[in-house]
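Mind assembling these two chains? They're in different frames, but the hints should get you there.
Chains as they are written, first to last, in this note's numbering: chain A, 69 to 384; chain B, 5 to 454.
Derived by calculation from the structure, the hints in this document are not laboratory data.
Incorrect hints may have been included.
Unchecked claim - Within a straight-line C-alpha distance of at most 35 angstroms, the following computed DSBU-like cross-link-like pairs (lysine-lysine) qualify: (1) A:Lys349 / B:Lys375; (2) B:Lys440 / A:Lys329; (3) B:Lys213 / A:Lys249; (4) A:Lys349 / B:Lys82; (5) B:Lys285 / B:Lys394; (6) B:Lys199 / B:Lys82; (7) B:Lys381 / A:Lys349; (8) A:Lys349 / B:Lys261; (9) B:Lys375 / B:Lys300; (10) B:Lys431 / A:Lys249; (11) B:Lys260 / A:Lys249; (12) B:Lys208 / A:Lys329; (13) B:Lys213 / B:Lys261; (14) B:Lys243 / A:Lys329; (15) A:Lys329 / B:Lys131; (16) B:Lys440 / A:Lys349; (17) A:Lys303 / A:Lys249; (18) B:Lys82 / A:Lys329; (19) B:Lys352 / B:Lys82; (20) B:Lys261 / B:Lys397; (21) B:Lys205 / A:Lys329; (22) B:Lys352 / A:Lys249.
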Amino acid sequence: MNSEQSIAAKQITSDFRTVGGPHGSSRHTLEKKLNRWGWGFVSMSIVLISVFVFFPMIAALIMSFQTGKGVNMHFGGLTNYIRLFHDQTVAKALGNTFIYLIFQVPIMLILALIISVILNDKNLKGRTFFRVAIFLPCITSLVSYSLIMKNIFSNDGIFNQLLSHIGLSPILWTTDSFWAKVLIILSITWRWTGYNMIFYLSGLQGIEPSIYEAAEIDGANSFQKMIHMTVPLLKPIILFTTITSTIGTLQLFDEVQNITKGGPANGTVTISQYIYNLCFKYTPNFGYASAVAFIVVVLIVFLSLIQMKIGGKENQ
Amino acid sequence: MKTKSIAASFLSAAMLLGMTACSGGGANSASDTAPAAGNSQAVSSSAAKDAAEKLTVWAWDDTFNVKAANEAKAAYAKIDPNVKVDVVSMAQNDIVAKLNTAFESGNVDGMPNIVLIEDYRIKNYLKSYPGVLSDLSDVTTPDKFMDYKLKTMTQDGKIYGVPFDSGVSCVFYRTDLIEKAGFKQSDMQNLTWDKYIEIGKAVKAKTGKAMISVDPSDLGLIRMMMQSAGKWYVNSDGKADIANNAALKEAVTIYKKMQQEGITITASGWDAGVAAVNESKVATSVNGCWYASSIKKAADQSGKWAIAEFPKMSNVSGSVNSSNLGGASWYVIDKVAGRDTAKDFLSKTFASDTGLLDSLCKDISLVSTYKDASSGKNVNAPDAFFNNQKIYKNWIDWTVNIPAVNYGTSTYDVESKMTEAVQSILKGASIDDTLKNAQTEVEGIVSAAD
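Okay, chain B solo, but in the shape it has when bound (with noise of 0.2 angstroms):
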C-alpha cells in the first residue's frame, strides 16, 4: 500500500515535471549540438554567397522601429536592387524568448540576419553566447557615434553592433496644467527632483491632477535617476552595487517622497500608462524621448506639451541634467546565412545614411546617436504639437551628456528583485536594511553570471 502511494506521488510529481523537464531538456541540449552548431557554422558562411540574395529583420513596435527598418529597407533598394529584405514586426519579449532559446541551444534555423536588442540586454548576450553576434567594429566607425551608446555594445574592444535610437530622458510636461498651479516655463529649467515636487504639489493642489503615474513593477525613474549620477545596479566592473550606492539610495527615497506626498498615480502595465497621460490624468511625465509618440496619440493636447531636461539630484555629487532610458541597436546573428549582406545593409543605412536619419526624424520621431544626423534639416525643425519647440535639437544636445554606464547582464534580473525592496520600503521598512539584503541577493544573480 505505501509503496503504491509513493508511486502515485511521484506519478503526480511526473505530471508537473512535464513543464519544468522540457525547458530543461531543451537547454541541455546546448552541450550537445555546440559543436554541431560549430560546424553549421563552416557550411553556412560557404553557403553565405549563395544565399545572401535575402535578408530578415526582426525589430518591435510598428510605430517606430519597425518602420526605420522598412525605411531604410526602401533605402537599401536603391542601392541594390537583388536583395530582398524581409522586416519581421514581432513583440520584444517574443524576440527575447526566440534569442534565448536559439543562442543556448546553438541552432540558429530561422533566426533572422539583422535583430534589434535592448542595450540593458546585449552585455549578457556578447558575454553568455561569444561569437554568435558578428563583430561590427568594420561597420561602426566609434567616433561618428555617441560614447555611452557604443560602450553598450563594446566587448574585448570589439564593436557589436549599430547604434540606433538615443533613450535621453525628459521631461515631457503640460504647459497649461504647470500655469494653473503657478509656475512658468522657466521654472521647468535646469529642475532637481525637490523643485519637481514642490511643483507637483502645486499641480495636485491647484489642479487635482497627480504630476505623474508611476508603476510598481517598472522601476524606470530609479534607473534614470540612477544613470543621471553615473551609477547602476552594477558598477564598471559588473560587481552588484546596491548597499552603498548613495545614487540608488537618494533616488529611492526621492520615488518615496513622491508617493508620500501624494503626487503620484498608479498604473499597472505600459498601457495603463500611456493612458494616463493621454487621458490628462497627470500633468508630467518622465520618460525616454521616445515616449513622444505615445504622447501624440492624444491629438486633442497638441500644443499643450513641452518638455525640459531630465531633473538632476541635488544631494548627490555627480549627478547631471541627462540620463537615459532604454534605446536599442542593430546587431547580426553571426552564424546565419548572409552574414556579409546583413552588415554591407546595416553600413549602408543606419550606420552612415545621415539622409534616412533625417527622414527618420520626421516620421518616427527618431532622436539618433548618429553624430552627423544632429545637422539634419527635420531635427532643427520646430515641432507643432509641442509647442514650436526644437524638441529634437534639445534631445540631441542632452543625449551628449548622458553619463555611460555599465548595464552589465541582468538588468531586469535586479530590477525584478529591486522592486520587491523598493514595494517594502514605500510600506515602511528601512532603506540602509532593505537595500542591504538586495545587496547579497543581486550579488547571487550577477555572480552567476560570470
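So here's chain A without its partners, still in its complex pose (with noise of 0.2 angstroms):
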C-alpha cells in the first residue's frame, strides 16, 4: 500500500514539474504550498490521536510507577509490579480470560463459519430470515441482553425450571465458578456469532463459484471443500476475526459485570473488571490499576504478533 501511496504522489509532483518545468521557482512554491495543505490536513489528527489516546497511555505508564491513594500519590518505584506478581487475583483474572479465549473464540468462529456456508447456498429457502435471525443478537445492547442470561439462567431461572420438568437436576450456573464460565462463554458466543457470521459471508461472495463446480465435478464432498476450498480462501478473514476476537475476548467485560459480577468468589472475573474494580469498586488505587492495565498491553502486542506470524504471512 505504502509504495502505491509514494508511486502516486511522484507521479504528481513529476506532474507538476512538468507544468512548472521552465520556471523553477513556482515549481518550488507550489511544492511546499502543498506540503503545508498536507501537514495541515494530518495536524488534526495527529494532534486528537496525541490527546486522546498518547498522552492518556504515557500518563498511564507514569501512574504505574506511583504508589499511595487518593491525593497522596507518591513515586513507588516498581512495587505495583512486584505486587502485580504475588497477586493471585490477577493471576486468577488472566487464567478466565484465558479460558474464554482458548474454548470461546474457535468455538465461535467455527460455528460462523460453518453458519455463513449454510446461509450462503443460494437454493436454501428464507435465507434472509435466517441471516437477520443470527444477526439480531448484535445490535441489542450488552447490559440488556446479560440481565436476560442472568434472568434465564440464574438457579430458580426458566432453564432451571426447564430442567426440572424433564426430570434433571438444576444446574446452579451462578454459583458454582465451572458452571458460571460456562455460562459466560454461552452469553458471547450467542451475543457475537452473528457478528462473526457477516465477515464470513461477505467474504464467500467474494470466492467465484465456479471453483466450487469444478470441485464437484473432481468428486469433492461438502466436508473437502470447505476444508480443502472454503477456509484457504478466507484465510484474511479468518485471520481478522481471530484477532478482532482475541482482543475482544481480553477486553471482556459487560457480560461478566452484569451476569455474575465477577463471582462466585472471583471464579468468572476477567483483567478489564479487574482494573475497574481496582479504581471505582474497591478502595480506588490507580497506580495499580494502570500497572496492571500494562500486562494487558503486553499481552494484546503478544498475542496479535503470534497470529500475524502464523496466518499473515503470504498476504502481506
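See below:
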C-alpha cells in the first residue's frame, strides 16, 4: 500500500514538474504549498490522537510507577509491578480470560463459519430471514442481553425450571465457578456469532462459484470443499476475525459485570473487570490499576504478533 | 514486513488502551487540578452564603435511606422554609463510583452537599482525601451516639459524620419451622454457632428446608462473626490481620461446617437471597437489623417471624452475642457551596431530632444509633409481623454491646481476596496455609493504602 501511495505521489509531483518545468521557482512554492496543506490536514488527527490516545498512555505508564491512594500519590518504583506478580486475583483473572479465549473464540468462529456457509447456499429458502435472525443479537445492548441471560440462567430461572420439568437436577449457573464460566462463554457466543458470520458471508460472496463446480466435478464432498477450499480462501478474513475476537475477549467486561459480577468468589472475573474494580469498586488505587493495564498491553502485542506470524505472511 | 506487523500489533494494543488509558488519564489529572481545586474552595466558601438556599442529598435504597432523607427534609422545611432540599436516590455503587472520581480529580462540580457513606468505606475517604469532607465535630455530640459507630468516622480526634442507622446483627427465624424441628423459642436465646448448626440439622431433617442461604461472593456472615469477637480483617493499627486471627479462622471453620452439614443453600446476589427468604426456602436469616424490611415483603409470613441475638463463637474468647453488618452515616462534602446550611440541616435533623428518629423507627424500621432515641414511643412498641415482639427495643439493647473495630481502608478489596480464600478452603485446602497466603496478599492491599 505504501509503495503504491508513493508512486502516486511521485506521479503527481512529476506532473507538476512538467507543468512548472521552465519556471523552477514556482515549482518549488507549489510543492511547498501542497506540503503545507498536507500537513494541515494530517495535523488534526495527529493532535487528536496525541491528546486522546498517546498522552493518556504515557500518563498511565507514569502512574503505574506511583503508589498511595487518593491525593497522596508518590513515586514507588516497581512496587506495583512486584505486587502484580504476587496477586492471585491477577492470576485468576488472566486464567479466566484465557479460558474464555481458548474455548470461546474457536467455538464461535467455527460456528460462524459453518452457519455462513449454510446461509450462502442460494437454494436455501428464507435465507435472508435466517441471516437477520442470527445477526440480530448483535444489535442488542450488551447490558440488556446480559441481564436477560442472568434471568434465564439464575438458580431458579426458566432454564433450571425446564430442567426440573424433564426430571434433571438444576444446574447452579451463577454460584458454581465452572458453570458460571460456561454461562459466560454461552452468552458471548450467542451475542457475537452473528457478527462474525457477516464477515464470512461477505468473504464467501467474493469466491468464484465456478471453482466449487470444478471441485464437484472432481468428486469433492462438502466437507472437503470446506476444509480445502473455503477455509484457505477465507484465510485473511479468518485472521481478521480471530484478532478482533481475541482483543474483544481480552477486553471482556459488560457480560461478566452484569451476569455474575465476577463471582462466585472471583470465579469469572476478567482482567478488565479487575482494573475497573481497583478503580471504582474497591478503595481506588489508580497506580496499581494502571500497572495491571500494562500487563494487558504486553499480552495483546504478544498475541497479535503470534497471530500475524501464523496467519498473515502470504497476505502482506 | 516485520516492522509493519509490530506496528499493527501496537495499534491493536492502542485500541485496547482506549479503555484503560481513559481511567488513567482521568486519574492523572488529580495532581494537576489539585491546586486549582484548592482555589475553588476559597471561592465557593465565599459564595456559600449566596448559594445556601439549595441543598442536595444523595442516598441509596428508596425504602430506607431515601425515605429517611425525605422525612428529614419535611422536618427541616418547618425550621427553615427558605432552604430547598433535593433528595436524589441513586444505587450505592453509583454513589461510590461518583465520589471516587470526583475526589480523585479534585473537582466536586455536581456533587451533593450531603451524602450517605457506608461505614466500611469511610476510613478510606478520610485518609485518602483529607479535607474533602467537613469536620462535623460541632454537629455530632459524641456522648449522644453509640461508641462503635463514632469510631468509624473519627480521624485525628475529629468527627466527620453524623451517625445514622445501626447495623446490629440478629438471627431472623421462622418460629413455625423451628417448632416443627422440635425446638422452642427459648432455645434460640443466647445462641452459639454450635447450637445454631444443631438446630439447622433438625430443621433440614424435619422440614426439608435449609437453615440459611449463603452467597459465595459475600462474606457478610464471616465479617459479623469476626466483629462479635472484636476482630476484623485488619487490626486496630490498620495492619493486615489474617493468618493469626483466631476469630477469622474459627468463623471460616463454622462457615465450612454449615456447608458440610448441608444446612445451607447458595444464592447469588442480593435479590436471590431475599427471594430465598420470601419464598420460605430457608428457616433463618442472619443479617443486620435493616434486613427486616426485606423480610416483611412476604406479607403472608406475618406473625411467623421472630428475632434472636447474634450467635457467639464458643471457641473464641471475647466473642459476644452481638455484632454488626453494614450501616451508614451522613457526611458533608466540604467544597460544595452551601456547607454551613448542610451542617445546620444535619444538626437539626439526624443529629438531634428524637421525634424524627422515632417516627423513622415506625416508617422504615430504623434502629438509630442516637442514644436518646431509645426512649421513643415507637421504639418501645411491639411489631405485629414479628409476633408482637418488641424488636426495636431488642435491637437497641444489643447495639450497645457491639464490639468496636477498626474497619480499615480497604474492606471490599480484602473481602474480594477472602472470597477466593474461603472458596478454596471449602474445596478442601488447608485453612492455615490458605490464610497464610491471604495474609501476604492482604498486606499488599493494605500497605498500598498507607
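Hints, verified against the model:
1. Restraint check for Lys349 of chain A and Lys375 of chain B: the C-alpha separation of about 33 angstroms stays at or below 35 angstroms, so the hint holds.
2. For the proposed pair Lys440 of chain B and Lys329 of chain A, the alpha carbon gap of about 27 angstroms is at most 35 angstroms, so the pair holds.
3. With a CA separation close to 29 angstroms, the supplied pair Lys213 of chain B and Lys249 of chain A stays within the 35 angstroms bound.
4. Pair hint Lys349 of chain A plus Lys82 of chain B does not hold up; C-alpha atoms about 38 angstroms apart against a cutoff of 35 angstroms.
5. Distance hint between Lys285 of chain B and Lys394 of chain B is fulfilled; the C-alpha atoms sit about 26 angstroms from each other, no more than 35 angstroms.
6. At roughly 51 angstroms between alpha-carbon atoms, Lys199 of chain B and Lys82 of chain B are farther apart than 35 angstroms, so this suggested pair is violated.
7. Of the pairs offered as hints, the one joining Lys381 of chain B and Lys349 of chain A is violated, with about 40 angstroms between alpha carbons and a cut-off of 35 angstroms exceeded.
8. Distance check on the hinted pair: Lys349 of chain A and Lys261 of chain B sit about 31 angstroms apart at the alpha-carbon level, within 35 angstroms; holds.
9. This hinted pair checks out: Lys375 of chain B and Lys300 of chain B have alpha carbons roughly 26 angstroms apart, not beyond 35 angstroms.
10. Pair hint Lys431 of chain B plus Lys249 of chain A holds up; C-alpha atoms about 18 angstroms apart against a cutoff of 35 angstroms.
11. Among the hinted pairs, Lys260 of chain B with Lys249 of chain A is consistent with the structure: their alpha-carbon atoms are about 24 angstroms apart, no more than 35 angstroms.
12. Restraint check: the Cα-Cα separation between Lys208 of chain B and Lys329 of chain A comes to about 30 angstroms, which is no more than 35 angstroms; the hinted pair holds.
13. Distance restraint check for Lys213 of chain B and Lys261 of chain B: the Cα-Cα separation of roughly 17 angstroms lies within the 35 angstroms cut-off, and the hinted pair is therefore satisfied.
14. The hinted pair formed by Lys243 of chain B and Lys329 of chain A meets the criterion: a straight-line CA distance of about 28 angstroms does not exceed 35 angstroms.
15. A threshold of 35 angstroms between alpha carbons decides the hint, and for Lys329 of chain A with Lys131 of chain B the separation of about 28 angstroms falls inside it, so the pair holds.
16. Between Lys440 of chain B and Lys349 of chain A, the direct Cα distance comes to roughly 25 angstroms. Compliance with the 35 angstroms bound is thereby established for this hinted pair.
17. Our distance criterion of 35 angstroms between C-alpha atoms is met by Lys303 of chain A and Lys249 of chain A, whose separation comes to about 30 angstroms.
18. At most 35 angstroms may separate the alpha-carbon atoms for a hinted pair to count; Lys82 of chain B and Lys329 of chain A exceed this at roughly 44 angstroms.
19. Between Lys352 of chain B and Lys82 of chain B, the direct Cα distance comes to roughly 11 angstroms. Compliance with the 35 angstroms bound is thereby established for this hinted pair.
20. For the hint pairing Lys261 of chain B with Lys397 of chain B, the CA-to-CA distance comes to about 32 angstroms; that is within 35 angstroms, so the pair holds.
21. The straight-line distance between the Cα atoms of Lys205 of chain B and Lys329 of chain A is roughly 32 angstroms, inside the 35 angstroms bound, and the hint therefore holds.
22. Distance hint between Lys352 of chain B and Lys249 of chain A is unfulfilled; the C-alpha atoms sit about 52 angstroms from each other, more than 35 angstroms.
Against the hints set out earlier in the document, violations occur for numbers 4, 6, 7, 18 and 22.
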